[in-house]
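Chemist: Listed here are the chains, written in short residue letters.
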Amino acid sequence: MLAMSTPISLELSINDDRVRASVPAHWTLLELLRYELGLTGTKQGCDKGDCGACTVLIDGKPQLSCLILAANAEGKKVQTIEGLQPAHRKAGGVGLDPVQDAFDRCGALQCGFCQSGMMLSARALLNENPTPDRTEIRQALSGNLCRCTGYTQIVQAVELAIAESTGAEPESPSWSDGNPWKSTTSLSGKNGGDA
Amino acid sequence: MLRLPQFTLERPTTIEEAIQLVADANGRGRFLAGGTDLIPNLKHEFIEADVVVALGGIEALRGIEVTAEGGLSIGPLTSLVDIAESADVQRIAPALAQAVGTIAGPQHRQMGTIGGNVMLDTRCQWINQSHFWRSSLGFCLKKDGSACHVVEGGKRCVAAASNDSAPALATLAATLDFQKAPTEYGNGKRTLAFDELFKADGAWNKKVSADELLTRIHIPATPVGHKGGYAKLRMRGSIDFPLLGVAARLDVDGEGVIEHADIVVIALQARPLRVRKASALLVGAKLGAASYDDALAAVMVAAYEQCHPLPNIPGDHEWRQEMVPIYVKRALAAAIA
Ligand SMILES: Cc1cc2nc3c(=O)[nH]c(=O)nc-3n(C[C@H](O)[C@H](O)[C@H](O)COP(=O)(O)OP(=O)(O)OC[C@H]3O[C@@H](n4cnc5c(N)ncnc54)[C@H](O)[C@@H]3O)c2cc1C
Ligand code: SF4
Ligand code: FES
Ligand code: FES
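For the record, the sequence lines run as chains W and X.
For the first sequence, counting from 1, position 192 maps to 192 in the numbering used here; every step adds exactly one.
If you count the second sequence from 1, you need to add 195 to reach the numbering used here.
These are computed hints drawn from the structure, not numbers from a lab.
Incorrect hints may have been included.
Which residues of chain W face chain X? A partial, calculated answer using Cβ under 8 Å [stated by the list, open to error]:
hint, residue
1, 8
2, 25
3, 28
4, 47
5, 50
6, 55
7, 61
8, 62
9, 64
10, 67
11, 71
12, 72
13, 140
14, 142
15, 143
16, 147
Even for Gly, the Cβ is constructed at its ideal location relative to N, Cα and C.
Could you build the full structure based on these sequences and the hints that come with them?
Modeler: Following this line, the structure appears as structure tokens:
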């Protein structure tokens with residue numbers, strides 16, 4: 001007998017919206033997000049737990065949406081990349097979430113496929129520990145693979161977000177002979193621009 | 196895209212319901228804990244299930260408790276991160292905390308459970324692949340085929356036990372409570388010594404069947420002079436399964452003389468391997484003294500001779516064997532540190 005997936009009705013919170021959905025039992029949370037709700041910011045990479053591209057925050061913790069059954073996210077608080085800026089604004093912030101802003105300014109991406117997952121892992125880390133050191137940053141991001149950047153700018157972006165949030169002077173990045181972050185909020189000068 | 200095949204999902208809240216649901220599926224039911232092993236395997240279609248029984252709603256399966264005797268009683272649904280970060284586990288069973296801290300990456304340790312790790316399926320580079328990939332190569336003994344791609348002419352699957360917690364739990368002499376649906380022959384409950392769990396068949400390397408639910412992990416109290424360590428060979432510092440994993444236990448007296456030693460290795464063949472001849476050489480040696488250095492040198496050679504990695508998982512197997520003494524040394528160093 002071939003088992004048939006019976007649709008399961010569930011209610012969960014996605015980016016602070018209460019969402020009701022009906023999904024087949026064998027759908028993953030990733031499939032619910034992308035193909036039912038149109039939230040395609042969460043990336044489908046390997047689809048088997050190897051890469052971290054599908055990382056979302058569930059009750060604040062980074063988890064892999066390609067390995068979670070949608071039905072098992074019932075009642076959970078899910079945050080996707082689409083919810084990062086709204087959450088920042090709701091908490092009284094302006095502009096982008098500082099992690100997003102720093103990733104943008106540091107050029108912490110090339111193809112961008114890893115970026116949603118990276119930024120969510122970084123956001124979860126900073127929510128728990130606002131001043132992690134480099135080792136802690138690297139550990140927190142160690143479940144997110146990037147095929148392009150070599151990780152240096154990614155770690156620098158997180159360090160920039162930390163430095164700016166604590167008012168400390170951001171460390172000069174290794175690739176710059178001046179300090180492009182000094183008393184400025186956007187890239188300018190020879191390292192910056194639209195390159 | 197790697198879609199899951201269809202199944203019926205059950206979400207019981209008690210142990211009794213869960214075991215009955217799997218029993219009723221007549222061999223086509225599976226328990227789902229964190230899903231970090233079962234979901235990829237279902238997607239790869241070398242495990243098939245009509246009924247998936249999610250354990251997440253069963254509170255009785257969670258938690259870490261220190262027993263009156265000073266040991267640990269651990270619920271199988273406890274997350275890997277909670278095990279690795281538990282001060283009680285770090286104190287009473289340091290090798291387990293270290294081993295679990297190396298499992299996969301941060302997201303997997305958040306989702307994955309200790310019970311799922313104990314019950315982890317074996318790994319082989321010829322089976323942990325998509326159905327399409329396997330059909331192109333030709334199926335193997337483990338699922339749908341008649342040949343083994345690792346051992347020519349082999350009649351038994353030699354896929355590698357790859358659960359990092361296993362060698363640590365073996366050195367800690369853990370015991371495991373299992374429960375399945377009661378029948379006219381018995382109440383379905385049994386307790387196994389950790390060493391009794393595994394058998395040398397990579398197709399299913401457990402002596403319990405898939406309808407038996409692991410309900411509790413017990414670790415006896417460890418003596419004051421207990422030291423435990425874990426060392427893991429892997430390609431990258433995160434995410435990767437072990438290419439070799441070594442757990443070491445040393446119980447020393449007040450003078451630093453080793454009274455009991457145990458070394459167990461994983462990621463060789465279908466079951467963890469206790470290198471008894473090697474660890475026996477440590478008994479009587481004194482930490483920090485020349486006797487220890489001499490014993491260590493002998494242990495490294497003995498472990499090398501006892502361990503025979505196969506070309507079942509990635510990493511050249513001869514290289515993995517050359518790494519055995521190094522990782523035995525590192526596991527012992529981690530225990531003493
Ligand atoms: C990219 C990647 C890397 C990984 N790296 C490692 C690694 O380095 N080391 C390592 O050890 N593992 C690794 N894993 C495997 C996995 O993440 C862990 O082993 C984890 O502990 C499995 O637990 P789970 O709760 O997710 O198990 P599940 O996937 O839910 O279950 C695994 C198996 O155990 C059975 N099961 C679960 N709970 C019970 C129970 N209470 N009683 C009876 N049977 C049960 C299931 O039916 C299934 O057969 C990796 C996985 C991925 C995807
Ligand atoms: S060891 Fe042989 S039978 Fe087992 S999974 Fe690998 S190729 Fe298949
Ligand atoms: S898509 Fe989920 S880990 Fe790669
Ligand atoms: S920017 Fe391409 S994967 Fe990271």
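Chemist: Please go over all the hints and tell whether each is borne out by the structure.
Modeler: Consistency of the hints with the structure:
{"no.": "1", "hint": "8", "verdict": "7 Å, holds"}
{"no.": "2", "hint": "25", "verdict": "4 Å, holds"}
{"no.": "3", "hint": "28", "verdict": "7 Å, holds"}
{"no.": "4", "hint": "47", "verdict": "4 Å, holds"}
{"no.": "5", "hint": "50", "verdict": "7 Å, holds"}
{"no.": "6", "hint": "55", "verdict": "6 Å, holds"}
{"no.": "7", "hint": "61", "verdict": "5 Å, holds"}
{"no.": "8", "hint": "62", "verdict": "5 Å, holds"}
{"no.": "9", "hint": "64", "verdict": "5 Å, holds"}
{"no.": "10", "hint": "67", "verdict": "5 Å, holds"}
{"no.": "11", "hint": "71", "verdict": "6 Å, holds"}
{"no.": "12", "hint": "72", "verdict": "6 Å, holds"}
{"no.": "13", "hint": "140", "verdict": "6 Å, holds"}
{"no.": "14", "hint": "142", "verdict": "4 Å, holds"}
{"no.": "15", "hint": "143", "verdict": "3 Å, holds"}
{"no.": "16", "hint": "147", "verdict": "13 Å, violated"}
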